[in-house]
Structures are given as structure tokens and as C-alpha cells.
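**Student:** So the protein sequences, as listed, match chains L, C, P, V and F. Heads up, the first sequence is in numbering that gives the first Met the number 0, so the first residue is 0 and it goes up one at a time. Heads up, the second sequence is in numbering that gives the first Met the number 0, so the first residue is 0 and it goes up one at a time. Heads up, the third sequence is in numbering that gives the first Met the number 0, so the first residue is 0 and it goes up one at a time. Heads up, the fourth sequence is in numbering that gives the first Met the number 0, so the first residue is 0 and it goes up one at a time. Heads up, the fifth sequence is in numbering that gives the first Met the number 0, so the first residue is 0 and it goes up one at a time.
Among these hints, one or two may not hold up.
To be verified - Reference excerpt, derived from the structure (chain V facing chain L, CB under 10 Å, subset only):
#1 Arg-10
#2 Glu-75
#3 Asp-192
For the record, the hints were derived by calculation from the structure and aren't laboratory data. Positions of the beta carbon are idealized from the N, C-alpha and C atoms, including for glycine.
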Amino acid sequence: MNEVINLQEAVVTLGQFPALTGVTLQVSQGEIVTVCGPNGAGKSTLLRLCAGLLPVREGSASVLGEDLHTNRRSIRPDIGLLGHKSGLYDDLTVEENVAFWGSMVRAGDLEVKEAIKYMGLDGRLRNVLVRQLSAGQRRRTSFAGLVVQRPSLWLLDEPHAALDTEGRDLVNNLIQDAAASGATVLLVSHAPKELSSPSGRFVTLAGGQITSDTNKEGSGDGTS
Amino acid sequence: MNEVINLQEAVVTLGQFPALTGVTLQVSQGEIVTVCGPNGAGKSTLLRLCAGLLPVREGSASVLGEDLHTNRRSIRPDIGLLGHKSGLYDDLTVEENVAFWGSMVRAGDLEVKEAIKYMGLDGRLRNVLVRQLSAGQRRRTSFAGLVVQRPSLWLLDEPHAALDTEGRDLVNNLIQDAAASGATVLLVSHAPKELSSPSGRFVTLAGGQITSDTNKEGSGDGTS
Amino acid sequence: MELRDAWSIARKDLRIEFRSRILTNQIAPYTLLIVVLFGFALDADTQTLRDTGPGLFWVAVLLIALLAVQRAVKIEDDDAAKERMLLTPVHPSSVFLGKAIALFVQLFALETLLFFVMLALFDLSVEDPLLICFSAVLATIGIASSGTLYGVITAGVGVRETLLPILLLPVLAPIAIGATRTFGDAFGRVDADGWAWFGLLSVFAVIYTVLGMFAYGQLVEDA
Amino acid sequence: MELRDAWSIARKDLRIEFRSRILTNQIAPYTLLIVVLFGFALDADTQTLRDTGPGLFWVAVLLIALLAVQRAVKIEDDDAAKERMLLTPVHPSSVFLGKAIALFVQLFALETLLFFVMLALFDLSVEDPLLICFSAVLATIGIASSGTLYGVITAGVGVRETLLPILLLPVLAPIAIGATRTFGDAFGRVDADGWAWFGLLSVFAVIYTVLGMFAYGQLVEDA
Amino acid sequence: MKIKFKEVKEGRFNATSSRSTRFLGFCLALGIPTLILFAFVFSPKDDTMEDAVRLLYIHVPVAIFSYVAFGITAIGSICYLWKQSRWWDTTAHASAEIGVIFSALTLITGSIWGRPTWNTWWEWGDVRLVTTLVMFLMFVGYLALRQVPAQPQIRAKRAAIVGIIGTINIPIVNRSVEWWENSTLHQQSSLTDGNLEDLTLFTWFLGTLILGIAYLWLMIHRFRVGWLASEHEALGYGAAIEERQAEAGIQTAIASEYREEGEIE
Ligand code: HEM
Ligand SMILES: Nc1ncnc2c1ncn2[C@@H]1O[C@H](COP(=O)(O)OP(=O)(O)OP(=O)(O)O)[C@@H](O)[C@H]1O
Ligand SMILES: Nc1ncnc2c1ncn2[C@@H]1O[C@H](COP(=O)(O)OP(=O)(O)OP(=O)(O)O)[C@@H](O)[C@H]1O
Ligand SMILES: [Mg+2]
Ligand SMILES: [Mg+2]
């Protein structure tokens, strides 16, 4: 199978602090992987590493076939990252924001319109400044930007945070659709496994390392 | 029973936009009320109204026995609000932040220490700058500031967001303890009711109005 | 109002400033740069510079004060700390006082530095050191008070960086004028009655401080 | 690199600026204030003012440029938009160009305003309008390019407000010197060969723009 | 910029001195008294500037070596961008620091010299003075940027670009007296036009040589300090990893590997 993410004992330091202390993880194309773990375990750091935003200090790491040691740049356009921050311009409206990020990834007007509609932002909200949105609406706008991008690797940091029930379902569908169409999804979630998570595979991170790697059924295919 | 929050057809506008369009809500002392509702329903606005941070435009509103029309100030020290933003200083350490907010509410050193410990922030994290914390650790620090305050009305906007399972339990306990000792808690949550929420009463907000108000058992004591 | 609160707040602000080493690593060099820029823009001989020295000193102080006020506001604004402050029993005038004290300390330290640099570069000699000291202290109190007050007015406005200067500079102008005259007198460059101007500075310092302590509460209440 | 991207980015920046009306409501008055402040600090007769006019003009422009660069950086920094930009196929030099264009447009608009105000206030007369125009354009290109470059260097630093001036002002100084001389010549106030200085300005404009387009990519890559 | 931890070995980088620096230091110890002797005793007075001319022997060499220092910073910066090696980054940093000291000395000695000869400490209209000051401030800014906490790679890259741009100043400062002939009191190139007395010229060469050695000596030490500092940053690495892994209650490969090599106290 095609390995989209392949980390071997990867170490990442933030300042002096080793946020990841040797992560070994393989993710194949089309997989949906949920990363869980306590606060400060290094989940967000893992996502940022996979997005090529952080240097690998030790170990080997490759994403989408590129070695992160030598080239962290060329893969980035194929990656969609939804972090804790939303990456929006406060003084532009919802539509302007999505259209801007759309134009940056060469999406057409139609796609922008559809993304806005898909995330339930049409109608009044379309022309509201992002500054004035509620937390959940903001999050949705950020998502709409990802939808127009159609990345081949989705990295989602707590995608369900701040969303209402309908929004959660929307996101779950989105993730499933993306995976079905060949994209790979790595998402961080604090929600308990029992919840309707779109993922079959759960990876637990703690102390900057992967402590368990199981399918929902509980069958470990452990790397640690 | 003592009405801690008493809103009658309260209207709040943000800019031109009526975020609350006539909310009627009574909350008695010691109650735990969970506010749910879709994104943009006005939940955060409701909390900010109850904290005396927003002016009431129409209708009547009183909190902790004070009329919000005439006096939004004197009640504030008794209110603890945890909003979407954390209210911390990025360039101070965890301990310095909690100690500062502690000194602002006249808490002793011992209480500060205990709050830090309670929120699982002792050890290494105590001396880490807030800027460097992970999302969940930040949230915990913010909570620690509330714990030292011991307000008599807790207004929590998605208190479980970004917290891990252990953190959620901690917060649930905290809420229950607070209510048991006579404080009132109003919390916003997107988590489904089935989850172990500390609340018996659920209020649903939509379109700036309360659309349902039920106990967990499903027995409406409806105000709308 | 409790002085203890004011002190906690001042300490917190100063600690944040100290931690980021802004004063030593950045504002201080900026101060020097401003002097250089002026000296250069005037392209003038030392005589002119000597005459305009006091004026330049205070214009430089105003520009530095702007930066310092912006920092002070940003600290509170960044993560809604300002709002959280409202939900404590601390009296707004304590907050005002605390932030003004922190601002005063920073400004005064920078003025001292700037003073000696200009003394050397512009070849000035002091005739009345007492007047210099006192008027600098009072002018700085006035600047710190009004800066803090206007800082909170522009807080949370989003366009703070640009709104603040246009609001604050006119307010500071009288102080700058007064201080320029006292300095001019103290350097023996102009025939002004320094101590009379000094009276004006005191009046402004008192007015802005008292006004600030009252108005601050009014302003933050609805924020 | 695609020009279309640069243009989208420039439009976005200008739209944000336009929406917040910073240019008209705040920077413009600030500009005027600076001029007034200078006039005041000099306390001089019209003759001196007329001679120092070009220098004051460019010092004012530098201070305005600082404000504008800070705004431009803040827009990208506030909500991690800068990082998101990395995850698009847009070439960094397009981003650089786009942001520099937006900065240029804003600065140029303000310079025009400032120019006419100073013309009126300081009672200057233009001898060589062509030189004024060309040198203003080139100097502004240099300022916009280096401003954008240094903006990204200080982006995300937390102490941006204070770090930026001390890094940027020395870099802008040669441009300000050159432009002052061309203006001085164009106003007929000094005996400089304006067009020679104009050559210097062109060199700086080209150097900073080319350097910026290369360095920008280097800088954002790891951010 | 991958830091190899294995290099941290007992004694290897413990001190910043080595045989070559001790030799340079020895040369300086001999050279400085000699220079003083020549400058104050043997070399003649100037016809117009009298004893003040003796400042020449320090003023000009420090000015020249501030150019050299900033030039090396630029080279180090370019090479850093090219090779991404910590070696070049440390070189650039070390050189900039010394350059700042040297240009400060240029400014100070120049001012002192200006007092008796031009009757002023400082002259704003003078381009050489102002451009020298600008150059000095630019690298003060460079050092300030280096103080800002950031990821080492990012900081190095930012600094490298600022360092490269900073060198634009060198030709400006150097040529300023020709380009702006009318607006400077400062000497134009007077040393090379051959009207100097032999002993003056010799003393000047001696000064340049001594200052050159001083630069080299300082540079080597400062570089090693810088190197040690980044090494020091990396020192707690193994222990930090172990501690971090303990958060999860696990002990695995990397930590135990380091423990075996005895690099963790
Ligand atoms: C603060 C004041 C001064 C500054 C910043 C300054 C700066 C400099 C610099 C940067 C150089 C190196 C020029 C080059 O080789 O490219 C230099 C050279 C020199 N300076 Fe100064 N200087 C100052 C005052 C003076 C004074 C007062 C004198 C004597 C009257 C003087 C005499 C010289 C001479 C003779 C040279 C060698 C010129 C050559 O051959 O290139 N300087 N100065
Ligand atoms: N400069 C630093 N110094 C010390 N510790 C740091 C620094 N930067 C980051 N950290 C630590 O590194 C970890 C970062 O973890 P990360 O943000 O990846 O956590 P996370 O798993 O996403 O947690 P959360 O669930 O809370 O979002 C945190 O424990 C944080 O305290
Ligand atoms: N100035 C404004 N102009 C127009 N609409 C505004 C303005 N300010 C706020 N709003 C709207 O008011 C509502 C604010 O709701 P609020 O933040 O209380 O939502 P919420 O229930 O907390 O939602 P969430 O679950 O997403 O946090 C949003 O729908 C927002 O779009
Ligand atoms: Mg996280
Ligand atoms: Mg909300």
C-alpha cells in the first residue's frame, strides 16, 4: 500500500522542549486515523510536523513521498491543515475569505460558492465580517477554505471543536467523502471512541510518543 | 427559591444584530444549567450578558439580585467567566498567571498552589510560559484562575473544549462541587446530552431565543 | 481603590516587559535612532541643534511613549485579559494606577538614557539640574497617565496602532510644550521662566492622573 | 511566480485596509500631526522650515511606513493566516510582490497628501515636478519592498512593535537621504544634482525588490 | 543545521583557547605595548593636528576591521543560506558582535579626535559620521534580532538576511567622503596618496596589523563561545527526552540509548 505518512523515530523539538520524542507511524492512502492523547501529548505538534511546518530533529520522516529532512516545501500545497487558530482575515467577510483562499489554491468561483453552502454559511452570514462571527461559525468558515482546497492529506486539529451537532455530522461526512475519494485524513480528537467518529484506526499519543495504535475493534497493529 | 439569573424577554444587540431576541430564563441558586443550540444561536452572548458585560437593550434582566439595567458593575466580582479566549498573559508563566489573577481576587498563595495542582499543572508546566502551552494546557490554566476566584456564578463557554478525558472529569467534578457548595453554573456545551454532563437541566437556544428548557428526564418546565 | 492592587498590576506589567527585554534590546536602540533621524533630517549645524535640543528630546519621548502605550494595551488586549479584569473586585482606578506606574517606570528609564545621549551628541550643558529632574518627572507622570487613559480608549479597536497616535499626540502636546520650555531654561538656551512652566506641568500631571483615575472606570465598565 | 497571485494578495490587503478606513481616518491625520509636531519642535521661521522641508517630509514618510508595515504584518499574524499561506501552491515571491504592491499604494497615497500639505504650510515651490514624481515613486518602491521584507522578518516575534523600527529604520535611511536630496534639488533649495541621487534611489529600489523576492521565500519557508 | 550530540565530549570544547589562540594572544601581548610605544613616542607630531594625530593609529584600523567584520558576517550569512550549517551561522554572529564593538570604537575615537580638530564632538551634516552611525545601528539591530527567542533555524535565517542587507552600508560608508564631498569635514583617503611620513605610515601599518590580530583572536574566541552556547542548548537533550517520555510512563529506545553512552548525568 502507498504510505502517505511514514515516520520513523521522529523527534521534534520546540525551543528546547522535545515535543515529539520518537514517533513511529505509518499511514496509508485513504486511511482515516484519529489521534488521541492527553493534553500536551504532542498531537498538534505531530500534525504540524506532517504539514512540513516543523523541522525533524532526528529520525526519518516522509510525507506524500517526500523526505522532510530535505524538502519540506513541495508537499505543502497538497496538505490541508486546520489548527487551533483559524487562519482567517478578521476584516473580510465570510465570502471574501473563502474566495481569497480559494483563489490561492486556484479554485473556481463555483467551488467557492459550493463550499460556503456546504458548510452552512450561505444566506446572511455570507456577508458578515469574520470578526463578528461566533466561534462555531468561524470554524465553519475555516473549514470551507479547506473544502475548496481539496488537499490530498487532511490534518485536522480537533475538527469538531466549537461545532454544533449538525456541524459535526457535516465534518464527519466530509472526512468520509475525502477518504473515499483517495485522500488521507489524520485528525486529533478528544471525544471518546464510542462517539460516532469517522475513524477506524485510533492512535494514542502520550509523552511525545505513540503508546497505542489500534483499530476500533481493539486489534492492535502496534508500532510501539 | 433564590433566583440567581432572572431574564425576562431580554434583547441584546451586537452592533446592529440582535444576538438575543427575547430570552426568558430563570436559574436558581445551586442549579447547573447546560445551554445547547446551533452555532450562532447566541449562547456566548447569553453568558456575556449574564456577566454584565453587555447592555440589555429591552426586557428586564437581573443577575445575583442586581438589575442589569441600572447596575452591571457590582455583581461582576462574583462572576467567573470562561470564554472562548483564555484571558491569560502570554509572557508570564503558568504560576505567575494564576498568582496574578489570584491576587486580583484576593486569594492566598496556598489557594493558588492548590488550584494549579488541581488542574494538573504542577511539575514542569508550572514554570512554562503560557505562550508555549498546548491548547488544552492553556485552557487548564484559565480554569485554574477561576478556581482561585471561587465565584458564586460560573459562566462556562464550552468548558470541555480542548480538554482531554481526565480534564473533562476534572471540570465536571469542579462544576458539581461548585454547585454543591451553593454556587450556580451556566455552561454552554455542544456535547450530546448522553455524555456524562454534570447538568440536569438543558436549555436550548436558537435564533437568539430559548426554544426548549428541559430536565434530563425530559420533563419540561418550559419557559417558552 | 487599593494601592496593593495597583502595585500587583504594575509589577505584572514590568515583569512582562522585562521578560521580553524590549526596553534594553529594542526601545533603547529605537530611541537612539530617533535622535539620529532628527539630527539628520535637520541637517543643521550644532548651534541649531543645541537650540532645538529640548524640543527634539520631547518629540522623541512622545514617539517612544506611543510605542510603550501600544505595548501596554496589547498585553491586555491579546487574550481578553482586559475583560477578565472586569470580573474581579479590583477597582478600576487601581488598574489605572498600576498601568500608569509601569508606564512611568519604563518611560523614565528611557528618558534618562536619551538625556545623556543627547547631552553628548548635541553638546549641551545643564544649568539647572534640579529643574530638569523635577520637570522630567512631572512631564512623565502626565504622559504616563494620559497614555494609559487613551490606551484603554483605543483598546480592542482593532485599528489601535493607528488610532492611538492621532488621539494621544494632541493631548500630549501641552505637556511637550511645557517640558520643552523648562528644559530650554534649564539648558540656558531660552529666556523662559522654567519654574513657571514647571507649574503648568504639575497642573497637567495632576489633572491627567485624577481624570484618568475617574474616567478609566467609566471607560472599562462597558467594554 | 504568478502575477495573478500577487494581484489577488495586493487586492486583499488593500480591501482590508479600505474596510478599516485606517488610511483616511487615522494615518492621514497622523501624518498631518507629525508635520505639525516637527514645525513645533523646530520653532523656527519659515526660512528654516523651507530648507528642512524635504528632510522633514521623508522622516514623516519613514514613520508612516513603520505604521503601515506593522499593520500589514499584523493582518497576516493575527490568526495564523501566514502559516496557512504556506500550505498553498502560491510562490513566496508572489506573496512578497502582492504585499509590497499594497504597501506601495497606501504609502504613495499618503505621500501625495503629505506633499500638498507641506507645500502649502511651508510655502515651497516646485522647480522640477518630474524629478519629484519619479524620485517619490522610486523611493516608495524601495520603502515598500524593504518594509515588506523586514515585516516578515519580525513576523510572529511577539515583540514586533519594537523590533521592527530598529531593524527597518537604518535600512530605510539611505533611501531617505537620497530622496531628501532629490527633493531638495527639485525645490531648488540645495545645490545637489538631483538626477544623480535619483540614480541611487533606483539602485536601492531594484536591490531591495530583487532581494526581497528571493529572501522572502527563504524566510517564510520555515516559519 | 543538525546538531550532533556526540561531539560533546569531555575536554574537547571545554575551553575557548587553543594553541593557536594562545599564540595570537602572545602576539597581542607583545604588539600592543609596541604599538603604544610607536604611537606615542617614536612617531612624529602632525603639523596641523599635533598630538591628536596619534588617534589615527587606532581610529583607522578599527574602522577598517569593522568593515572586515561586517564583511565576514555577510559571507557567513550567505554561506549559511547556502549550506545551512551552524558553523557559518556562528561565524556570522561572532563577527557581527566584534564588528559592532569596532564600529563603536570608530565612533568613539572619531568623536574624541573631532573635539580638538573640528571643535565639535559630532557633526550631523557630516555624511561619514552619519553613515558610520547608521551602519553601527544596523548591526545593533542585527544583534537584537538574534536575541529574540525562536527556533534556531528560523532565527539564523532571519539574521542571515539582515546581515546581508547590512553590508550595503560598507561601500556607502567607505565612499561617502567622495560621493558627498561637500557635506563632510572628514578626511578623504589620505593614507594612500603618499604624503605621509615614513614613521607615521609604519606606525599605521603596525596598528592595522595589531588590530587585525586582535580581530582574529577575538573572533576565534567568540566563535567558540557561540559554538559552546549552542552545544549547551543541546546538552540537556537526552535527559529532556527521557523526562518527556516518562510523562507517558514509558521508557524506550532513544533515552536508553543515550543513557548507555553515559551522556546523561
Ligand atoms: C565620530 C567621528 C568619526 C567617524 C564616525 C569616523 C569614521 C571613519 C571611518 C568609518 C573611516 C574608515 C574610512 C574608510 O577607509 O573607508 C575613517 C577613516 C579615517 N578617519 Fe575618521 N571618523 C571620525 C572622525 C575623524 C576625525 C575627527 C578625523 C581627523 C581629523 C578622522 C580622520 C580619519 C582618517 C585620516 C581616516 C583614514 C582615511 C582613509 O585613508 O581612508 N576621522 N573614519
Ligand atoms: N518552548 C517550549 N518550552 C517548553 N515546553 C514547550 C515549548 N513549546 C511547547 N512546549 C510543550 O510541548 C507540548 C506541545 O504539545 P502540543 O501542542 O502538540 O500538544 P497537544 O497534544 O496538541 O495538546 P492539546 O490537546 O492540549 O492541544 C506541550 O506540552 C507544551 O507545554
Ligand atoms: N456585528 C455583528 N453583525 C452581524 N452579526 C453579528 C454581529 N456580531 C455578532 N453577530 C452574530 O451574532 C451571533 C453571535 O452569537 P454567539 O457568539 O452568541 O453564538 P454562539 O451561540 O456562542 O455560537 P457558537 O456555538 O458558534 O459559539 C452570531 O450569529 C453572529 O454571526
Ligand atoms: Mg493541540
Ligand atoms: Mg460561542
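**Student:** Now tell me, hint by hint, if it's right for this structure.
**Tutor:** To see whether the hints hold, each was checked on the structure:
1. Arg-10: holds (9 Å)
2. Glu-75: holds (9 Å)
3. Asp-192: violated (45 Å)
Hint compliance for this structure: hint 3 alone is broken.
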